[in-house]
Amino acid sequence: MPELPEVQTVVNGIKSKINKHKILRFKKYISKLRYPIQKNLSSKVESSTVTTVFRRAKYIIINLSNNRSLVIHLGMSGRIIIVKNNKKKFKHTHFSILFNKNLVIQFIDPRRFGYIFVTETASLEKHRFFVNLGVEPLIGQFNDRYLLNVTKNKKSPIKNIIMNQKYIVGVGNIYASEALFMSGIHPSRLGKDITKRDSEKLVRAIKSVLKKSIKLGGSSINDHTMVSGKMGYFQNKLYVYGREGSKCVKRSCQSPIIRIVIAQRSSFYCSECQR
DNA sequence: ACTTATTCCTGCGTGC
DNA sequence: TGCACGCAGGAATAAG
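Under the working numbering, read the first sequence as residues 2 to 276, first letter to last.
In case anyone wonders, no lab produced these hints; they're calculated from the structure.
For clarity, every value in this text was computed on a predicted model and none was experimentally measured.
Heads up, some of the hints might be wrong.
No more than 30 Å apart at the CA atoms, straight line, and that leaves these computed lysine-lysine pairs for BS3-like [to be verified]: (1) Lys28 to Lys89; (2) Lys167 to Lys85; (3) Lys23 to Lys88; (4) Lys127 to Lys85; (5) Lys28 to Lys85; (6) Lys127 to Lys167; (7) Lys33 to Lys16; (8) Lys213 to Lys167; (9) Lys212 to Lys21; (10) Lys88 to Lys40; (11) Lys156 to Lys16; (12) Lys212 to Lys251.
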């Protein structure tokens, strides 16, 4: 489940490798991803050079010298790996990008919820997938005042609010559960019942868990790996996600971790520590 | 304007 | 061993 730390891990992995490299060829093996790959995508990117690689929300953005941006979303099971040649194609390799100096990236995505598109860099922020994106959680603008303002008067559970990309980007099911545990807030608590103190703790927890996970290369639960193919390590540091029935990690607590479904998503929390 | 349900897809675990 | 089934979930979209 690629969330902000997993996407950032991929960006960190490909950035130094493909920067200033020329795209020789874009090869697609299947066009039916979440959105069909544009028919003219290859002609819009081939023979241009990479100028910048960065992340916005859960998107990977590769800016090109021809004033276009190549945008990739990993969906749920999307992976990007770097290989030396393109001879070995995996079962779910859906496209590959061949750069000069024998550098190749492959996009592997069994569930095909990922997608790629190219757009003019100047209009990227106005693109329908970008125009409604909320604030980046790791910048100063995301603070307790911002979150409190978002949560006030809302009748939906706090977990849904922090996972909603129009308010805060990059937080998905894993890190929402983790951050709520770290701040002692029950995932079902309604937005309107979040206090200033809760907001302070939750903001701190979100920033902290995302940063720690990035440092360890993200969480390799089902599909995510680093671009080298190596697993991330943060799955071993999770407090509640996927730990139904296990004991709370807090020594003084030891209560069982509970799984409930909120808005069709598994949510994990400690029955004692979170209210 | 907000809230909730539905939809896409394949691999994996479970039960008969 | 094989098959049916449910589940995993990001987020646009439709529906309420």
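Against the structure, the hints come out as follows:
The hinted pair formed by lysine 28 and lysine 89 meets the criterion: a straight-line CA distance of about 14 Å does not exceed 30 Å. At roughly 38 Å between alpha-carbon atoms, lysine 167 and lysine 85 are farther apart than 30 Å, so this suggested pair is violated. Between lysine 23 and lysine 88, the direct Cα distance comes to roughly 20 Å. Compliance with the 30 Å bound is thereby established for this hinted pair. Distance check on the hinted pair: lysine 127 and lysine 85 sit about 36 Å apart at the alpha-carbon level, beyond 30 Å; violated.
Under the criterion of a C-alpha separation no larger than 30 Å, the hint pairing lysine 28 with lysine 85 is consistent with the structure, at around 16 Å. Between lysine 127 and lysine 167 the CA atoms are separated by roughly 14 Å; this keeps the pair inside 30 Å, and the hint holds. The suggested pairing of lysine 33 with lysine 16 holds, with an alpha-carbon distance near 27 Å, which does not exceed 30 Å. Of the supplied pair hints, the one linking lysine 213 and lysine 167 holds, its CA atoms being roughly 24 Å apart against a limit of 30 Å.
The hinted pair formed by lysine 212 and lysine 21 meets the criterion: a straight-line CA distance of about 27 Å does not exceed 30 Å. Simply put, lysine 88 and lysine 40 have alpha-carbon atoms about 24 Å apart, close enough for the 30 Å limit, and the pair holds. In summary, the hint linking lysine 156 to lysine 16 is not supported, as the alpha carbons are separated by about 41 Å, beyond the 30 Å threshold. For the suggested pair lysine 212 and lysine 251, the alpha carbons sit about 21 Å apart, so the restraint of at most 30 Å is met.
Checked against the numbered hints above, the structure breaks hints 2, 4, 11 and satisfies the rest.
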